[in-house]
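K.L.:
For the record, in the sequence shown the residue sitting at position 529 is 585 according to the numbering used here, with numbers rising by one throughout.
Among the clues, some could well be false.
What follows is a list of derived Cβ distance ranges for each label pair [as the list claims (entries may be wrong)]: (1) S110 / I494: 55 to 61 Å; (2) L280 / K484: 53 to 59 Å; (3) L269 / K378: 46 to 52 Å; (4) L89 / I265: 44 to 50 Å.
Using 25 Å as the maximum straight-line C-alpha spacing, the simulated BS3-like pairs for lysine-lysine come out as follows [said to hold, decoys possible]: (5) K429 / K257; (6) K257 / K582; (7) K427 / K364; (8) K582 / K645; (9) K708 / K719; (10) K427 / K527; (11) K160 / K219; (12) K731 / K706; (13) K654 / K719; (14) K160 / K364; (15) K364 / K479; (16) K553 / K645; (17) K553 / K378; (18) K616 / K582; (19) K677 / K706; (20) K616 / K553; (21) K731 / K719; (22) K484 / K160; (23) K703 / K673; (24) K731 / K703; (25) K685 / K673; (26) K364 / K257.
No lab work stands behind these hints, which were simulated from the structure alone. All residues carry an ideal CB built from backbone N, CA and C; glycine is no exception.
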Amino acid sequence: MKMKEFFTKVKKFNFIYYILLAVVVLFSYHQLLGMYFWRDDYTGLYLGQLANLSTHPGFAYPYHLALLLERYARQFFGLNASYYFLTVIILYVIASWLLFYFLKRLVSNLLIAFFSTLVFAAGFVGQDAMKMTMGDGLGTILALDILLAGLVTFLIYLQNGKKVWLVSSLIAFALTLEITPQRTGSSLLIFLALDWIISWKRKSQELIIRNVLFLLVFLIQYFLHPSVLLLGYKVNPPTQFWGLLVNLSPLYILNFLGTFWNMIIPTPLQEQFNASLGTSGQSLTLIKFWLTGLPTIFLAVTLFIYLKFLRPAIYSAITLGKIITAVVLFSLLWAMAIHQITIDKGDLVAIFNGGMWLIFLIVWIVLGIPKSKLLSLFSLLAIFGILAIFFITIPERVLVSYNRYLLLPSFTVALLPIIFITKEFYQKELRKRRLAQILLLAVVGILVLPRLIFAYTTQREFRQDYSQHAKRMYQNLHSFIPRINQPTIIYLEGVTKQLQFTVGDAARVGYFGSEVAYAVHYQTQKENIILPQTAGEIPGLLKKNPNLSYQDVYTFIYDKDGLRDTSSITRQLLAGPNQPISVAIDSWKEELSSNDLKVFQFTPTSSIWTLLPLEVKIPLKFSSQSKEKEMEMSWEYNTSGLITEDKFVKVKLLTDNLWHEYKFIIPAGGEYLQKVSFNFPTDTSVEIGTTQLDYLLDN
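Sequences are here, hints too, so could you generate the full structure?
P.N.:
Structure (structure tokens):
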């Protein structure tokens, strides 16, 4: 092939657009390559390591095929997380290419197709699925690729009439329903709507036949599940997919409006705006609630004003004023109508904005502003129809932008710029054509730039706050516990609240429990992993499991340098003998006191370990002329380890000049005791007896 012919083919297939789309996707999602497994990833990884998946109760509809895919992925990639993330990034790039090709054939304009596809390529919406490849992302993005391939082949069929393309689209639709039926069932509407907008002037009989074919595929796949005969998965009662039919709450009825707004404007940006107005709380006045709609009102008013410049004759200045007044009045009426609905206020704010934006888009189309009313209606049906049907089948609250359920329907927002393509976009007059192009670029910019910014920043934070720690934690754990072949108790605690959350999140798995995360890393049964919620539960677990010994207990502290093994100390404490620790009278020192309070403090000179709960008994004799009052007893660890209890207790102060034993519990936390103190009113004198600290092994 001559070089000239090669470049001619390159130009024909518009490779530059495909390359640019891939670059945008990589910018948005390249940080995934440095991430680690998260939450429900461990469900797929755990089931993937089982010898016989078909007999496990988790191998059930609608996750059956996704689990099989994940099983094969586990065999190829093992526990190398970067391979999984690279796979979903490649699949996302392919999805953007398929969407671009689909839009290019649909609108017959490369620039419109490219800029519209940028909305999807920019990512962020549904990114939790991308961060959770084995929990949701792999199956969902593969189903999206097949769905878009089905739309491409169906559009080709509608344009050239060759039956092979129709058969291909039906097969693709059936496959999407096989992989993730709970995500793709609503895509039936896109195929039907696409057929009607292109074929409504043609033979009605063929149109109806095609509609029936797609409907039959949907009904057979969604309700009869013929593949069960081949794969042998379990089919649970379908009531979990009847969301709206069994729950007619306002939240479910209006759900799609809020989620649509979250697909348009990233949730973090909304939260920042609402916080700046002081409207981020649960209690909102009507005026504050209305103010949360200012972004939508501003966008609508700006577009109507811009339209006056684009088409000066479309309406007079007086009419424009009336339109703006109508926008404001409608927003007030809409706010009054839904303000009192008792749901999460953040969800209600999203519903408020989404409802106004939907009405604006309908008015925009009815006024005949888009060049193609049919394509604009198709865009609305694709976006809102998918979301509405999605919430009918799966009962969920309004979904934030990054929610994993939104990965698959996120491609529909790429159809939104089509509504803002006016006839001036194609006119020869340069001024009007430029204004129309600016309108398209402005809409795309509003959709794309926040996505790119928040995709980058939130993924960077996730890597720093979670991924690097989770990966290091499990790597360190293997150096302390090389293998697990029998029941083992493992307790980890972070030294700060953030690290404690990270340690917990590193093993937080929904359906099967946190044990499977450890079971995956040790390729063992989850029954071999015992995870106490607190260190104080360990003695009780040993009693419940008589086959376990102290040597089967492992405890760790996690700090910025990794895991620190505290197992030997914990075993010594568990083994006893449990002799109380005596604190001499002269160990208590009076510290700096205020005008109202005296403070006495005990600072241990040797380590008093707090890996198990401690009961503190302090004999005290108070005398005072005043009535009985309250005093506070507090403690500090050597670390700021997170515990569920407060680090102080308040007890009644008895000032009868008699000895009383004051008791309180120091919960397990940190590593060892930094200090213990108590305070009381300055008008009170005190005598201190010998203090006893006793480990609680009978919890």
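K.L.:
Next step is simple, just say for each hint if it's right about the structure.
P.N.:
Here's how the hints hold up against the structure:
1. Roughly 58 Å separates the CB atoms of S110 and I494, a value that falls within the hinted 55 to 61 Å.
2. In this structure, L280 and K484 meet the distance hint of 53 to 59 Å, their C-beta atoms being roughly 56 Å apart.
3. Distance hint for L269 and K378: a CB-CB separation of about 48 Å, consistent with the stated range 46 to 52 Å.
4. A C-beta distance of roughly 47 Å is found between L89 and I265, which places it inside the suggested range of 44 to 50 Å.
5. Under the criterion of a C-alpha separation no larger than 25 Å, the hint pairing K429 with K257 is consistent with the structure, at around 15 Å.
6. Distance restraint check for K257 and K582: the Cα-Cα separation of roughly 60 Å exceeds the 25 Å cut-off, and the hinted pair is therefore not satisfied.
7. Annotation: proposed proximity of K427 to K364 holds, straight-line Cα distance about 16 Å (limit 25 Å).
8. Annotation: proposed proximity of K582 to K645 is violated, straight-line Cα distance about 50 Å (limit 25 Å).
9. At most 25 Å may separate the alpha-carbon atoms for a hinted pair to count; K708 and K719 meet this at roughly 11 Å.
10. For the given pair, K427 sits about 52 Å from K527 by alpha-carbon distance, which is inconsistent with the 25 Å threshold.
11. The suggested pairing of K160 with K219 holds, with an alpha-carbon distance near 21 Å, which does not exceed 25 Å.
12. Between K731 and K706, the direct Cα distance comes to roughly 17 Å. Compliance with the 25 Å bound is thereby established for this hinted pair.
13. This hinted pair checks out: K654 and K719 have alpha carbons roughly 19 Å apart, not beyond 25 Å.
14. Restraint check for K160 and K364: the C-alpha separation of about 29 Å exceeds 25 Å, so the hint is violated.
15. Straight-line distance between C-alpha atoms of K364 and K479 comes to about 14 Å, which keeps the hinted pair within the 25 Å bound.
16. About 30 Å separates the Cα atoms of K553 and K645, which puts this hinted pair outside 25 Å; it is violated.
17. This hinted pair does not check out: K553 and K378 have alpha carbons roughly 54 Å apart, beyond 25 Å.
18. Only pairs whose Cα atoms come within 25 Å are accepted, and K616 paired with K582 is rejected, the gap being roughly 28 Å.
19. Taken as a hint, the K677 and K706 pair is honoured in the structure, with Cα atoms around 17 Å apart against an allowance of 25 Å.
20. The hinted pair formed by K616 and K553 meets the criterion: a straight-line CA distance of about 12 Å does not exceed 25 Å.
21. For a cut-off of 25 Å, the pair hint linking K731 to K719 stands: about 16 Å separates their Cα positions.
22. A C-alpha spacing of about 21 Å is found between K484 and K160, which places the hinted pair at or below 25 Å, so the restraint holds.
23. Simply put, K703 and K673 have alpha-carbon atoms about 16 Å apart, close enough for the 25 Å limit, and the pair holds.
24. Taking the CA atoms of K731 and K703, the gap is about 11 Å. The hint holds against a cut of 25 Å.
25. Note on K685 and K673: the hinted pairing holds, with a Cα-Cα distance of about 19 Å set against a maximum of 25 Å.
26. Pair hint K364 plus K257 does not hold up; C-alpha atoms about 33 Å apart against a cutoff of 25 Å.
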